[in-house]
Amino acid sequence: MTDRHPAAIADSQHARLERLQQTVDELLGEARRKGASAAEAVVSNSTGLEVGIRLGEVETVEHTRDHGLGITVYFGHRKGSASTSDLSPAAVRDAVAQACTIATHTQEDPCNGLAPAELMADAVPDLDLNHPWAISVDDAIRLAILCEEAARATDPRITNSEGASLTTHAGLQIYGNSNGFIGGYPSTRHSLSCAVVADDGNGMQRDYWWSSARAAEDLEAAAAVGRRAAERAVVRLGGRSIATCKVPVLYQAMLAAGLLRHLAAAISGDNIYRKTSFLLERLGKPILPAGFTLREEPHKPRGLASAPFDSDGVATRSQAFVDDGVLTRWSLGHYAACRLGLQSTGNAGGLRNMQVPLGEHDRDAMLRLLGTGLYVTDLMGQGVNGVTGDYSRGASGFWVEDGVIQYPVEEITIASNLKDMYANLVAIGNDCDFPGSTTTGSWLIEEMTVAGD
Amino acid sequence: MSDLLAIARSQVLAPVGLTDGDLDHLIGALHSPAIDAADVYFQHSRLQSWILEDGIIKDGGFNIEQGAGLRAISGEKTGFAYSDELAMQALGQAANAARAIARGGHAGRVQIGAQLPQLALYAPMNPIESLPDTEKVALLHRVDDEARKMDPRVTQVITSLVAVQDTMLVISDDGLMSADVRPLIRLSVSVVVEANGRRERASSGGGARLGLDYLLAEDRALGFAREAVRQALVNLEADDAPAGRMTVVLGPGWPGVLLHEAVGHGLEGDFNRKGTSAFAGRIGERVAAPGVTVVDDGTLEGRRGSLNVDDEGNPTQCTTLIEDGILVGYMQDRLNARLMGTSPTGNGRRESYAHLPMPRMTNTYMRAGTHDPEEIIASVERGLYAVNFGGGQVDITSGKFTFSASEAYLIEGGRIGRPVKGATLIGNGPDVLTRVSMIGNDLQLDTGVGTCGKEGQSVPVGVGQPTLRVDGLTVGGTHA
Numbered sequence: 060m061t062d063r064h065p066a067a068i069a070d071s072q073h074a075r076l077e078r079l080q081q082t083v084d085e086l087l088g089e090a091r092r093k094g095a096s097a098a099e100a101v102v103s104n105s106t107g108l109e110v111g112i113r114l115g116e117v118e119t120v121e122h123t124r125d126h127g128l129g130i131t132v133y134f135g136h137r138k139g140s141a142s143t144s145d146l147s148p149a150a151v152r153d154a155v156a157q158a159c160t161i162a163t164h165t166q167e168d169p170c171n172g173l174a175p176a177e178l179m180a181d182a183v184p185d186l187d188l189n190h191p192w193a194i195s196v197d198d199a200i201r202l203a204i205l206c207e208e209a210a211r212a213t214d215p216r217i218t219n220s221e222g223a224s225l226t227t228h229a230g231l232q233i234y235g236n237s238n239g240f241i242g243g244y245p246s247t248r249h250s251l252s253c254a255v256v257a258d259d260g261n262g263m264q265r266d267y268w269w270s271s272a273r274a275a276e277d278l279e280a281a282a283a284v285g286r287r288a289a290e291r292a293v294v295r296l297g298g299r300s301i302a303t304c305k306v307p308v309l310y311q312a313m314l315a316a317g318l319l320r321h322l323a324a325a326i327s328g329d330n331i332y333r334k335t336s337f338l339l340e341r342l343g344k345p346i347l348p349a350g351f352t353l354r355e356e357p358h359k360p361r362g363l364a365s366a367p368f369d370s371d372g373v374a375t376r377s378q379a380f381v382d383d384g385v386l387t388r389w390s391l392g393h394y395a396a397c398r399l400g401l402q403s404t405g406n407a408g409g410l411r412n413m414q415v416p417l418g419e420h421d422r423d424a425m426l427r428l429l430g431t432g433l434y435v436t437d438l439m440g441q442g443v444n445g446v447t448g449d450y451s452r453g454a455s456g457f458w459v460e461d462g463v464i465q466y467p468v469e470e471i472t473i474a475s476n477l478k479d480m481y482a483n484l485v486a487i488g489n490d491c492d493f494p495g496s497t498t499t500g501s502w503l504i505e506e507m508t509v510a511g512d
Numbered sequence: 002m003s004d005l006l007a008i009a010r011s012q013v014l015a016p017v018g019l020t021d022g023d024l025d026h027l028i029g030a031l032h033s034p035a036i037d038a039a040d041v042y043f044q045h046s047r048l049q050s051w052i053l054e055d056g057i058i059k060d061g062g063f064n065i066e067q068g069a070g071l072r073a074i075s076g077e078k079t080g081f082a083y084s085d086e087l088a089m090q091a092l093g094q095a096a097n098a099a100r101a102i103a104r105g106g107h108a109g110r111v112q113i114g115a116q117l118p119q120l121a122l123y124a125p126m127n128p129i130e131s132l133p134d135t136e137k138v139a140l141l142h143r144v145d146d147e148a149r150k151m152d153p154r155v156t157q158v159i160t161s162l163v164a165v166q167d168t169m170l171v172i173s174d175d176g177l178m179s180a181d182v183r184p185l186i187r188l189s190v191s192v193v194v195e196a197n198g199r200r201e202r203a204s205s206g207g208g209a210r211l212g213l214d215y216l217l218a219e220d221r222a223l224g225f226a227r228e229a230v231r232q233a234l235v236n237l238e239a240d241d242a243p244a245g246r247m248t249v250v251l252g253p254g255w256p257g258v259l260l261h262e263a264v265g266h267g268l269e270g271d272f273n274r275k276g277t278s279a280f281a282g283r284i285g286e287r288v289a290a291p292g293v294t295v296v297d298d299g300t301l302e303g304r305r306g307s308l309n310v311d312d313e314g315n316p317t318q319c320t321t322l323i324e325d326g327i328l329v330g331y332m333q334d335r336l337n338a339r340l341m342g343t344s345p346t347g348n349g350r351r352e353s354y355a356h357l358p359m360p361r362m363t364n365t366y367m368r369a370g371t372h373d374p375e376e377i378i379a380s381v382e383r384g385l386y387a388v389n390f391g392g393g394q395v396d397i398t399s400g401k402f403t404f405s406a407s408e409a410y411l412i413e414g415g416r417i418g419r420p421v422k423g424a425t426l427i428g429n430g431p432d433v434l435t436r437v438s439m440i441g442n443d444l445q446l447d448t449g450v451g452t453c454g455k456e457g458q459s460v461p462v463g464v465g466q467p468t469l470r471v472d473g474l475t476v477g478g479t480h481a
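The listed protein sequences correspond, in order, to chains U and D. Oh and the first sequence: position 286 is 345 in our numbering, straight run, nothing missing. Oh and the second sequence: position 287 is 288 in our numbering, straight run, nothing missing.
Don't read these hints as lab results, they were simulated from the structure. Don't take each hint at face value.
Ranges between beta-carbon positions, derived for each pair [stated by the list, open to error]: (1) Ala379(D) / Arg320(U): 41 to 47 Å; (2) Gly93(D) / Pro360(U): 37 to 43 Å; (3) Arg75(U) / Ile284(D): 51 to 57 Å.
Glycine included, every Cβ here is placed at the ideal spot set by N, Cα and C.
From just these sequences and the hints, can you work out the full model?
Take a look at the structure:
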């Protein structure tokens, strides 16, 4: 296994970018020849390496290599789309023909079409997203083994492993439309993860940890990832259910990010024009406590969700969605914006790099604020109704009394309504300790229903 | 069914000029004395979709995917590479990358010839061409009209129709070649209803490995529209759900997602080989109440989870997992079966050529019991009757699983009472089926909408069960 990782394509990334731009041009040209009044196309390719090891031995070595193209044609306000993994000239013609056929059956929707040309990104800023990692298969295996070894050495109760994996991907994506916009950029993503099983003779518990970054040097140390996975598994041992009750609930920071994702969905234009959001009538009104701010920072250097333009080609921008507790804007792509009589906010594809300013309290102080209640460290299943805000999910974590963790808890649910949970957010911690694009600390919610025995 | 092979050759290999000699060469290139098993999986799939919203056909799409995945296995090690370019040069590179998993050894020669007898659970047809496009969009309009005319409180209807033809051809190092041509259709209806400032959404739908005429027959498509509206209107009246442990009666059909989560995943061969499942090493032990028999059956005609052969070329079968309450079997792919010294069960599945196969469910269901469903309801003094669900999730190591009800009622004094809001139910897989105290005589399979995710790979599956009484599941409402 001495072959170099195919992402070692320091070869001419520039030449590949040009080839893909050419394919976008061909797609748009073919759409025009077929009589489309407007069109937009996206073309991408990526290569990668994924290595999985378990119990110190190699389990899988995967070489990935993906291509894709997508075309949307507009005949006036009628629309049709097609996509394929084949980038050959014949496939380009076929895809455009298929999209045009579809468009003969779709109906006029005045909002179907390209975003206004003046909203397009006029320059594509370099967001420092491209850091190819020319790691060899052997070195990738060594790092993954190091990660798992550290996990297994953390505690004698780590008795088994689901293994560790290292992945590295490098990709190029180009978007262009018949308004004359074309933009694209290379980006990379690398990750290291580990999942282990703890056993105390009375039952097994599994947990995992990971690190993910645009540049290999930003990954957490392999041994640290492994240790964190092991610690998370061991502390779950001996979990039990508790009696049904109503108590305050502290969401670990990683899970608080989930509450932000529900918020992002509830303010997305698609759910607003369809009237399928529990925040429908709340624009300009307080939905969270005074002092709470939610921003997106799409141009954050090396950000995992950074992008210079959205999937309509519209320039992205740093902006607040919740300011001092007040819902200040919807998150809009071009179509939803048109339906609502508003202008795109550059959010086709969602919010990027959500940021909530960290609070003052560390985890121990947050536990003291919680007092007696539930500290949630894992959630399971669906159970979130975006139309009503009703929330009911499987949970596990710790029972806390007077600010001190008592014992692990499992096989319980926590339930409330997201409107009430947001309104009754008591405090945010400074304990942002998870990888990913979102920044927030833990969230203390005043009261939820815990269902157990 | 050699015509499946003939169709697969003509759809996948002929257009790119690949010959049997090329296939011999590829599988030979993967093979060496240090390799225990190898295969090459070719796939060509075409998908067409239509979406109706606001009463008009708003969007449609067409997707073509093709490629090949090449795998070489040595002991517990798997080397894998894939290519969406079906040219010999690209495939040869992928073969070299995959076989690098085993050091040394010379390329072997494999002569492809034999093929296994195959099932014929569905016709090798292209459902995209089973109905003219004009009739597909007309069908969506009829579904929309039906939903809107049901009740003035219906404010929003979104309907989608998807048809797929997925053709696969797999060659393994033992010289076997298998192919399958898999049609798959699905209609989904989502409605929003509104009254007195309160809104609720519900959805319904169905599908099969059949042509689109299936949806026209027996009023099926319109039936899904009526069902979505009915569920949404029920939820418009729903009170807060109760919280705590109680007796739960599960309706027949889709609530079988219970089995999929509570026991299905835990009985997949990979987790048991690795000892990470709460069911590991428990063959022969009681894991369910007497009378509980659970099977995974990939051989049901036309069902969403059925396959003529799995993605490793093994015929699917009906595998008994739990028999009269005793754990009797796991679901296996080739790799895990070999390492556990047992036989594959036709459960080796993959999302696409770009993914590795692993043990996956097909159609998982519990066999019928003897109780009348009314008798089961009447036996419960106070509890929850849950008849429709969203999805679920399981932690196979701790055994804890959840599934979320989307239509449920209180049971009071042996009668179905007021509707309550959706709530998540949580339980422990290895013991939940020991709490089954009554099994209905009304086995139903779901309508053909299930998709299962595992390690990032999605595959279509089916579930089913009769009405069940479970004594003690935790219901996650807000009403403590």
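Each hint, compared with the structure:
Distance hint check: the CB atoms of Ala379(D) and Arg320(U) are about 43 Å apart, consistent with the given range 41 to 47 Å. Taking the beta carbon of each, Gly93(D) and Pro360(U) are about 40 Å apart, inside 37 to 43 Å as hinted. A C-beta distance of roughly 52 Å is found between Arg75(U) and Ile284(D), which places it inside the suggested range of 51 to 57 Å.
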